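Since chain E is already given, all that's left is putting chain Z on it; use the hints.
Number of protein chains: 2
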Amino acid sequence: MESDLRRLRERLAEIFDLQRTGAVLAWDQRVSMPSGGGPARAEALATIGRLAHEKFVHEELGALLERLRPYEESLEYDSDDASLIRVTRRDWEKACRVPAELRADMLRAGAIGHQIWVEARATNDFATFLPALETNLELKKRYIDCFEWDDSPYTPLLDDFEPFMTTTEVAEIFDTVRPVLSELVRDAPEIDASFFDVHFDADRQREFAERLIETLGFERGSWRLDPTVHPFCTSFSNRDVRLTTRYLDQGLDSVWSTMHESGHGLYAHGIAASLERTPLAFSPSLGLNESQSRTWENLVGRSRPFWEHWYESLQETFPEQLGYVSLEAFLAAVNRAEPGLIRVEADETTYSLHVILRFDLERRLFEGKLEAKDLPEAWREAMHEYLGVEVPDDTRGVLQDTHWSGGAFGYFPTYALGNVISLQIWATVREAIPDVDGEMRAGELNGLSTWLTENLYSLGRKFTPKETIERLTGSPTIDPQPYLAYLREKVSALAA
Amino acid sequence: MESDLRRLRERLAEIFDLQRTGAVLAWDQRVSMPSGGGPARAEALATIGRLAHEKFVHEELGALLERLRPYEESLEYDSDDASLIRVTRRDWEKACRVPAELRADMLRAGAIGHQIWVEARATNDFATFLPALETNLELKKRYIDCFEWDDSPYTPLLDDFEPFMTTTEVAEIFDTVRPVLSELVRDAPEIDASFFDVHFDADRQREFAERLIETLGFERGSWRLDPTVHPFCTSFSNRDVRLTTRYLDQGLDSVWSTMHESGHGLYAHGIAASLERTPLAFSPSLGLNESQSRTWENLVGRSRPFWEHWYESLQETFPEQLGYVSLEAFLAAVNRAEPGLIRVEADETTYSLHVILRFDLERRLFEGKLEAKDLPEAWREAMHEYLGVEVPDDTRGVLQDTHWSGGAFGYFPTYALGNVISLQIWATVREAIPDVDGEMRAGELNGLSTWLTENLYSLGRKFTPKETIERLTGSPTIDPQPYLAYLREKVSALAA
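As given, the protein sequences belong to chains E and Z, one line each in that order. Per this note's numbering, the very first residue in the first sequence carries number 867; after that it's consecutive. Per this note's numbering, the very first residue in the second sequence carries number 867; after that it's consecutive.
The following block holds chain E by itself, in its conformation from the complex (with noise of 0.2 Å):
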């Protein structure tokens, strides 16, 4: 049995280096890599991720799980060795369930699908998209076919992303969020934020992102941030985290991207060292992840205490474009909420209804209720009727993400499920540290960090999203009631 478990464990450790070390490849693709390294790297990065998978569905691999059943059965639920048998174990019939051709098929398609997209948003052509992304749609209706479901095919799509979790569930929080959010934006104030539109040097929003970054917990010599198109965070270890952000031309943006960026990265950061080298060194879904990177980017970020202590030297630090714009005028900017037509550009109040708008179309689609040629035109009323805007063309509607193109349908959810959760452990955080703002006002942000960090990111993957979120907050349930009151209040707020 001990020696069944080491050599899992060894099995496991080789795994996770390979993944690790395409993590490195795609990092520094996206941040390092000369336009002349493309091909190469492509080469290079499927073949450390076939791998990697041809080692973990190793029918070795399951003998070993196999084995390893009494021994789990013996062992408390939370410790870490049973934890690790029972997450690989269901990773492992999962992947074993997908035959290697059509997981191939489905790669090579979702990377000529991105090709086709990136050149059909540019010249607003849906229709030369349209062949490549009902390809993808093919090939995903025969992965569903992999797996079986209750309530709706979309489910195993959704358990990619945010596990255990079904179609039925993510539509009752929706709907329930939708009305809500529609309301709210209809009746938001115009806020003036055009002190925003001019020039913020480069160098300076680096040092600022910087200076924040240093606040927030993570230990020395563990992170680093660099300049990329599109914001992202990766981890090669727990002590090795990489923060991207962007400093636009316009506007202080960089400071947002930052910090969300910063909360997955205090996640990653946060995972056990017992869990190094194994399966469950990750969050255990993307909400829970994103529920973080909102939680510092938005329920910190965009706080009147944690500005109270910050505004000062972000005025001192662009003195031409802030000196003259008072704290309430700030406050009131970065947390207005306006209408608009591109998801990543959204606000805090907006944004879910961006998400909820993709996940109707996604369901619709896997559950025959919908053809990808009608899209475009479903994306159109949906935009009119949640946001109340008018789409111009395709470019700034169906074609704005990348997503679809590369195959993946079930992510978008995990967005807003993230706002929903953040506000349920926010509710659980204020009870913990009653004078979380305090510490805000005092710039003092180390005693939040420690705390996510011994009750949430610390136990990486070894329980289930709902079992992780009824240990924070005593209920396995997700509920958007905190969420909509703090936007409701938010949104009161910006009107009196």
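Hints are computed from structural coordinates only; laboratory data are not their basis. One or more hints might be untrue.
[As the list claims (entries may be wrong)] Below 20 Å or equal to it, Euclidean Cα-Cα: the simulated EDC-like pairs (lysine to aspartate or glutamate) are:
id, chain 1, residue 1, chain 2, residue 2
1, Z, Lys-960, Z, Asp-1016
2, Z, Lys-1332, Z, Glu-920
3, E, Lys-921, Z, Glu-876
4, E, Lys-921, Z, Glu-920
5, Z, Lys-921, E, Glu-920
6, Z, Lys-921, E, Glu-909
7, E, Lys-921, E, Asp-870
8, Z, Lys-921, E, Glu-876
9, E, Lys-921, E, Glu-939
10, E, Lys-1007, E, Glu-967
11, E, Lys-921, Z, Glu-1211
12, Z, Lys-1356, Z, Glu-1211
13, Z, Lys-1356, Z, Glu-1056
14, E, Lys-960, E, Asp-1017
Since this is a predicted model, take the numbers as computed values, not measurements.
Same frame as chain E, now just chain Z:
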């Protein structure tokens, strides 16, 4: 046969991807990685290295190579396929001779030795380092026992870096070089270079270095330049070349360090596309590779015609530091010969003496004529004899280089062989491009890099070093006379 060849190419491509992925991990470690990432990176590097090695020494690869022998014999010696099979077979036979356990022991001892050396060098404490050094030597002797050799047990070590070269051949070349250089150093006049001992702004150094690189012949989007502690060059394909340099607070070392690494980079950039993802997509030996870094650093980068084009621009970049320095004074300073203690700081004339000293000591160690404990004293004696300098401590003596701590014996001589070979090739360049000086004077280096690419770089590792040199120069012999004539002329020009 065709399917065997395809299978061979597939296996080699996979191994190549792993090797180049390891190179990405190593580049990132030295250029980007936060310090906290060290432990996880060591694991990832070990896993990738082990997988590449396991896949290479696999018996099926040997069987494929054996089955392909008749096909190989049916082909022209020069063809890509014949070269691929021939070169891979030699690599495979060499790799299979070394037991996996010994290989692992050497890697481990090298990693431990490196850590101990860092501390020992910092504290000038050779005695602390001695046991680790002895372990490395002991393991290398076991490594030598895996091979057959005629003239010296040192020859198998040399073969890892300079294939097919014997200790006797190297000794013969160095015995010719050493007395001439010692004499030149004694006779060289003192030159004032104090204008370099002032501050040079790092950003301006970087801008100038990048402007230089842009003129050398790299395709756009095929390289990048980053600062690092110990400059090096690596590449992940012939269109993804990573140059590094360092910007010291004083002086302009970054210029020649950039030119040096660009020489390595141009070699990598010039490898024929048809050799990509095979074991032929490298240079035939470290000596040949170094011949090109030296060509661009010294034969181009310290030449009068080159600076007749660039010096004005350099003065404009650093008007306070160089505005009052004449081209004559500048050229004399960058070509001066001055004995010193440290190899990596040595000038063009003294550099090979540092290398020959290390070769002599290594050879005596492995031929049983010197014990490791007597190295510090032997070092002092040789420095006195070769360069006429007294070594004040081991930090600036036997402990200065990292190579031995990691177990790299047989590497040093390739530096001096590179110097020697660079002048042989340069003589051919002068015949092929009679007006190479005129081109440099016009800031036009594309002709030179194109010629070197077509006649040398593009060949990759298809031929042995000697075959490669013969193709270029008409003779397979490494002849030190052009090198010595070049240095004699340099030193006498300084005295004039």
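Cross-check of the supplied hints:
no.	hint	verdict
1	Lys-960/Z x Asp-1016/Z	holds, 16 Å
2	Lys-1332/Z x Glu-920/Z	violated, 30 Å
3	Lys-921/E x Glu-876/Z	holds, 18 Å
4	Lys-921/E x Glu-920/Z	holds, 14 Å
5	Lys-921/Z x Glu-920/E	holds, 14 Å
6	Lys-921/Z x Glu-909/E	holds, 17 Å
7	Lys-921/E x Asp-870/E	holds, 16 Å
8	Lys-921/Z x Glu-876/E	holds, 18 Å
9	Lys-921/E x Glu-939/E	violated, 25 Å
10	Lys-1007/E x Glu-967/E	holds, 15 Å
11	Lys-921/E x Glu-1211/Z	violated, 47 Å
12	Lys-1356/Z x Glu-1211/Z	holds, 19 Å
13	Lys-1356/Z x Glu-1056/Z	holds, 14 Å
14	Lys-960/E x Asp-1017/E	holds, 19 Å
Checked against the numbered hints above, the structure violates hints 2, 9, 11; every other hint is satisfied.
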